[in-house]
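Peer 1: The residues making up each chain are set out below.
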Amino acid sequence: EPEVTQTPSHQVTQMGQEVILRCVPISNHLYFYWYRQILGQKVEFLVSFYNNEISEKSEIFDDQFSVERPDGSNFTLKIRSTKLEDSAMYFCASSGKGGRLLYGYTFGSGTRLTVV
Amino acid sequence: AQTVTQSQPEMSVQEAETVTLSCTYDTSENNYYLFWYKQPPSRQMILVIRQEAYKQQNATENRFSVNFQKAAKSFSLKISDSQLGDTAMYFCAFMDRMNRDDKIIFGKGTRLHILP
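As they're listed, the protein sequences go chains A and B. Residue 1 is where the first sequence starts when you use my numbering, and the numbers rise one by one after that. Residue 117 is where the second sequence starts when you use my numbering, and the numbers rise one by one after that.
Treat the hints with care, since some could be wrong.
List of simulated lysine-lysine pairs, DSSO-like, C-alpha gap at most 27 Å [stated by the list, open to error]:
#	chain 1	residue 1	chain 2	residue 2
1	A	Lys42	A	Lys83
2	B	Lys171	B	Lys189
3	B	Lys224	B	Lys189
4	B	Lys186	B	Lys224
5	B	Lys186	A	Lys42
6	B	Lys224	A	Lys42
7	B	Lys194	A	Lys42
8	B	Lys224	A	Lys57
9	A	Lys83	B	Lys224
10	A	Lys42	B	Lys189
Some but not every residue of chain B turned toward chain A, in silico, with C-beta under 8 Å [what the hints assert, rightly or not]:
#	residue
11	Gln160
12	Met161
13	Lys186
14	Phe207
15	Lys219
16	Ile221
17	Gly223
18	Gly225
Because the hints were derived from the structure by calculation, they are not lab data. From the three backbone atoms N, C-alpha and C, an ideal C-beta is built for every residue, glycine too.
Just chain A, with the same shape it has in the complex (with noise of 0.2 Å):
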């Protein structure tokens, strides 16, 4: 069964460095999420990307956060300037065309960030 991958699955990084979550969606999706669960909380939709531009965005993606799909299989999150909150679990998604659940709203294993 077809899968979206996630690296790494655990990131440590220091306050202020900039860090990127990679995503590689399932190959014939067209649309792009990510998802941010802070340990103990519900999930929360951060944005989300079709047709190479951000398509709807959460008040939670700010100025730090971008997105983008460097090639025709990575989406990548990008946080400039990592703070102590932004450590959460993050979870890519990706989902297909037209009447897109039928063909199928896939998550990723998530990418657990945490910021020192």
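Based on these hints, arrange chain B on the given structure of chain A.
Peer 2: Here is chain B on its own, set in the frame of chain A:
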């Protein structure tokens, strides 16, 4: 704005028993999807079951079934013959089908413990 409420932060049941997890939601839309996701200790988000709002018939997947009450905006999950492997965090979630970007809105979750 749509909201999802899970009123049971934590539940415990004995193995082989039946357990019901509650979820209510608020929306002015008529066309949407509802989901239950399971998050085991590995933190991966696993789709358990999905319900389309236009379908009156309750969705079932093996031991998992839902009680979808559209007028009451209620969407509970029933797990029959519970197993130790069902121990996990369970999230109720909502997607507006008319939203181009298909972002998912999650509840705060119910932590379920299956006791041997």
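Peer 1: A separate judgement is required for each hint: does it hold in the structure or not?
Peer 2: Comparing the hints with the structure gives:
1. Lys42(A) - Lys83(A): holds, 19 Å
2. Lys171(B) - Lys189(B): holds, 14 Å
3. Lys224(B) - Lys189(B): Distance ~17 Å between Lys224(B) and Lys189(B) Cα, so the pair holds.
4. Lys186(B) - Lys224(B): Holds: Lys186(B) and Lys224(B) sit about 21 Å apart, inside 27 Å.
5. Lys186(B) - Lys42(A): holds, 24 Å
6. Lys224(B) - Lys42(A): holds, 4 Å
7. Lys194(B) - Lys42(A): holds, 21 Å
8. Lys224(B) - Lys57(A): Given pair Lys224(B), Lys57(A) holds - Cα atoms ~20 Å apart, limit 27 Å.
9. Lys83(A) - Lys224(B): Holds: Lys83(A) and Lys224(B) sit about 23 Å apart, inside 27 Å.
10. Lys42(A) - Lys189(B): Within the cut-off at roughly 20 Å; holds.
11. Gln160: At about 5 Å, which falls below the 8 Å cut-off, the nearest Cβ of chain A leaves the hint on Gln160(B) intact, so it holds.
12. Met161: Constraint on Met161(B) satisfied, holds at 4 Å.
13. Lys186: Cβ of Lys186(B) sits 18 Å from chain A, so the hint is violated.
14. Phe207: holds, 6 Å
15. Lys219: With a closest approach of 5 Å, the Lys219(B) hint holds.
16. Ile221: holds, 7 Å
17. Gly223: With a closest approach of 6 Å, the Gly223(B) hint holds.
18. Gly225: holds, 6 Å
Hint 13 from the earlier list is the only one contradicted by this structure; the remaining hints agree with it.
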